[in-house]
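Starting from the known structure of chain A, fit chain B onto it as the hints suggest.
Spelled out from the first residue to the last, the chains are:
Number of protein chains: 2
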Amino acid sequence: MKATILNIGDELLIGQVVNTNASRMAQMLTQAGIDVSGTYVIGDNAEDIIYYLRHCLQRSDAVLMTGGLGPTKDDITKKCLCQFFDSELYENEEALANVRRFFEARGYELTPINRQQAWVPRCCQVINNVLGTAPCMWFSCGMENGEWRMENHPGAAANSQLSTLNSQLSTLNSQLSTPNSQLSIPNSQLKKVVVSLPGVPFEMENLMATEVVPRLVRHFRTDQIVIKNILVQGIGESFLSDLIEPWETALPKNIRLAYLPQAGMVKLRLTAHGGHDDRPKLEQQIADAVAGLYPLAGKYIVGEDMESLPELVAYTFKKYHLTLATAESCTGGMLAHQLTAMAGASEYYRGGVVSYCNEVKECALGVRHETLETYDAVSEETVSEMVTGVRTRLGADYAVATTGVAGPTGGTPERPVGTVWIGVAGPEGQLVTKLLHFGDRRAQTIERTTHAVWSELIKLVKSNLQD
Amino acid sequence: MKATILNIGDELLIGQVVNTNASRMAQMLTQAGIDVSGTYVIGDNAEDIIYYLRHCLQRSDAVLMTGGLGPTKDDITKKCLCQFFDSELYENEEALANVRRFFEARGYELTPINRQQAWVPRCCQVINNVLGTAPCMWFSCGMENGEWRMENHPGAAANSQLSTLNSQLSTLNSQLSTPNSQLSIPNSQLKKVVVSLPGVPFEMENLMATEVVPRLVRHFRTDQIVIKNILVQGIGESFLSDLIEPWETALPKNIRLAYLPQAGMVKLRLTAHGGHDDRPKLEQQIADAVAGLYPLAGKYIVGEDMESLPELVAYTFKKYHLTLATAESCTGGMLAHQLTAMAGASEYYRGGVVSYCNEVKECALGVRHETLETYDAVSEETVSEMVTGVRTRLGADYAVATTGVAGPTGGTPERPVGTVWIGVAGPEGQLVTKLLHFGDRRAQTIERTTHAVWSELIKLVKSNLQD
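Residue numbers (numbering that gives the first Met the number 0), protein chains in the order written: chain A, 0 to 466; chain B, 0 to 466.
One chain only, chain A, in its complex shape (with noise of 0.2 Å):
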C-alpha cells in the first residue's frame, strides 16, 4: 500500500515557511507500515490542485493533503475537492458543533466568515478536530469512466463486500494452524483514499495519530511493523557486530536489524514485518529479541526507545534522581535550551549560567581572572573552572561547560575559529577535559559541541553507575 503526501499553500511554495508537515507525515505513515511514494508541494492554485489529486490517486492508494482549508479567499482545497468529485459544499451540523464550541470557550462570537469553516463537500466523512476549527474530511472512492468517483459509484457496494470478507477471511486464517495465504483478496481491490488536513502542524499531528493512521491502516488491511530502537554507548560498530553475533543470526527472519551510528553512540534499530492481525505476534518477538540482547550487550545498553542524546540525558538524570547544571559559553544556552525543551526537565536540571563575557564567567561561576588573564577564556583551565563552579554554585551532582570560538569571527592563529573547550563535572571532584576543533560554520560548531558535551557527560554518569 503507497501514500503520497500533498501539502498545498503558496507559503509553502515560495519558501516562507519550512514544510516540517510532510517530514511529520511521513514519520507517521512509515512508523505504521504505509510506504509514501512521494510528497509534493504547490500553491493555492485550482489547476494544479485538481491536476495532482488525479496525478497522485494514480500512483499511491491514499493521498494526504494538507491546507488551504480556511475562511479566506486564497483557501480553495474545499472547492477542489468539490469539483474534483463531482460534489457540493453542505453547513455540515457536527463541524458547526466543534466550530461553535471553539468560539464558545475563548468568547468570540460566531461570524458567518467562520462558520464556514463547517461547510464541507457533501460526499466526504468529517473527523472531528478537536484543536482547531477547520474539520479534517476523509473520501474514500474509486474510478469511473476514467473519472475519480465518491462512495456511490457502481464499485463501492462491491469493494464494501470485499473489505468485510477479507476481515471474514483473516479472522478464519489466524486459526489455522498453517496459515494460507491463498486465503486473502488484494488491497489494490480496495477503495483508494483523499484525507483532505488543516495545515497548522498541531492539528494535522493530532489527526493524524487519533484518527488518519488508524483507519488507514483499518482501510487498507496494511501489513503491520513493530520498531524498537536500543542506544549503545561505549562500543565501536564493528565491535559491537562481533560481540552480538549470535544474536543477531538467531534473529526471527521477519526481524530486520540495522546499525544507526550518531555522535557518540550506535543506535540499534529492531522492525518487524507481519501481516495486517499479526501486532501482538510482533510485540512479542521485539520483546524476546530485546531481553536475549542483555545478556551480551547490556553493559553498553543506555536506553531503549530514544531517539536522541538529550533525550537519553533527561531519562538518565530522572531514573537514578541525579541533578544537572550547565554553564556555557559558545553553546550560548542551547544545551539550556535543549533539555528545557522536553516536559520534566525541572526533575533533574537545576539551571545553568551562560558566560558570554568574561566578567560572568568571574562573578557568576567564580572563574580566576588570573585563569582568565594567563591562560585565555578559551582554554581547559577556564572550562575547567567554569564547570567545577557552576556544579558548587548551584548545587549539582553532574555539571558541563563550554567555551570556545564560534565564528565567524574572534580566532586567532594558536586558537582558529572552530576550536572548543568542553568540561564536564561529576561528584566528589571528577573531572574530564576536551579539546575538540570544528570549522567556521558557527551553527554547526554550536551543534556538535552539544552532542560532545551529552556524549561526555553519558559516559561518565555511566561508568560512575558500575562502580
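Simulated from the structure, these hints should not be mistaken for lab results. Do not take every clue at face value.
Pairwise CB distance ranges (calculated) [stated by the list, open to error]:
hint	chain 1	residue 1	chain 2	residue 2	range
1	A	Gln26	B	Asp241	30 to 38 Å
2	A	Tyr319	B	Ala296	54 to 62 Å
3	A	Lys461	B	Glu282	54 to 62 Å
The structure presented is a predicted model; accordingly, all values stated were derived computationally and were not measured. Note that beta-carbon positions come from the ideal geometry of N, C-alpha and C, so glycine has one too.
Okay, now just chain B, sitting in the frame of chain A:
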C-alpha cells in the same frame, strides 16, 4: 519563467530529515524573481527520478534537483541523468582537481570510491563546488522527437543565437528614451535547464547563491524584483494604513506594498517589479519610496531588512552600544540561544542565568527567599527581582526575565499551565512586567514568550532613545 524543485532521497521521503532545502531554494528563487510552481520529494529510485525529470521539464523551464550524488550504491542521480539525456559518465578534470584538493587539505588519501565523485555525464557543464566533493551539474536541453536532448539537439544553435540576439536587443533598448517592448524574444524560445545540486544544505546554498541563481537569471533573462522589508512597531495595522495612505497612493505602479503583521509588530514589504535590465532603476525606486516613508511614520520604524525580533534586538543593541543580560525560567535558555545563534552576540550580550529551580533564583539572581515563599516562583514579584538581579549582577544596561509554567504538568487552579510572567529592566531602575496566558503546548509557550520579551524590550529601548 517557472522553476520546479526535485529533492531526491529516501531519508526525506520517510521523514527522517526535514526538507529544509526545498524552502531555502524556493526563497532564493523567489527573491530573484523566479516563480516556483511545485516542489517534489521522491526516493532514490531510478524509475521515479526519470519519471519526475520528464514531468518537471514539461511543467517548468528549469528543474533544480538535489541529492543522490554521493559515492555509495544508493546514490543514483548521475546514472539517471545519463539515461535521461542519453549520455555517459566520464572523469571530469576540474571536478577531480576539486576532490583531490578537498582530500589533500584534510590529509586523507584519495580512494577509488572518492574519485568517483569526479565522474559526471559527458553532456553537462560542471559547476565547481568549493565546499564539498560532489560537483554541481548544469544541463541545458531541448525537446527532440518527444525526448529531452542535450546540447547538440537541432534547436541548440538557434537557441544560442536567440540568446545573444536578445542580449544585444536589450542593450539597444536601454539606450532608447522610450523602450520598445517589441524588441525582445519571448523566454519560452530559450532552452530549458536541469541543474543537479548536492543535497548537503550548506553546499547547496552556497552553489545556489554564487552560481546557479545568477546563471538562471542570465539564461532566462528573467524579470527582476527588488524587495525591501521595513519593521514598524507601536502602531496597529489599520492606524498605520491610515497614516501612510498618501504615501502608499503615490507609489509607482510597479511597486507593491504588503502589510505582514507579526508578533508585536508589523512588517511592511515593498516589492518592485521590472524587466531584466531594470535592476538599477528598481533599486532607486525602492530607495526613494523608503525615504518618503520616514517623514510620515519614521517614529514607528524600528529597522529595515530584518526578518525576526532577535535580529532587531541585536541590530539595536549594537547600533546604540547597549548591553543585555537574560534571566530565564520557563524559556530555559531559548532567549540566550536566539541571541547567541547570531554572529557578533558578544558585542552586546553579557550573558544570562537559567534559573530552573528556586535555589538558583536565590543564589544566582538574588531573588529573596520570602518573595518565592510568599508570592510563588511564577509571580510579578519574582520576575521583578529576577530581572533587576540579573541586570545588576551581570552589569548590563538592560535585562529581560521569564518565569512561568510551560507544562504540560506543574499547573494549579490559580496558576494554570501556560501562565507566564515576563520582565524587562532598563537603566535607572526602569522596570516593566507583564502577565501572559498561553495554552498547554510547551514548545508554543516557550516560543510565544520569547516574542513577547523581545517586543517589550524593543519598546523600552526605543522610548528611552526618544527621550
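Consistency of beta-carbon spacing, Asp241 (chain B) to Gln26 (chain A), with hint 30 to 38 Å: 47 Å, violated
Range first: 54 to 62 Å. Now tell me if the beta carbons of Tyr319 (chain A) and Ala296 (chain B) are that far apart. 58 Å, holds
Measuring from beta carbon to beta carbon, are Lys461 (chain A) and Glu282 (chain B) in 54 to 62 Å? 59 Å, holds
When held up to the earlier numbered hints, the structure conflicts with hint 1 and nothing else.
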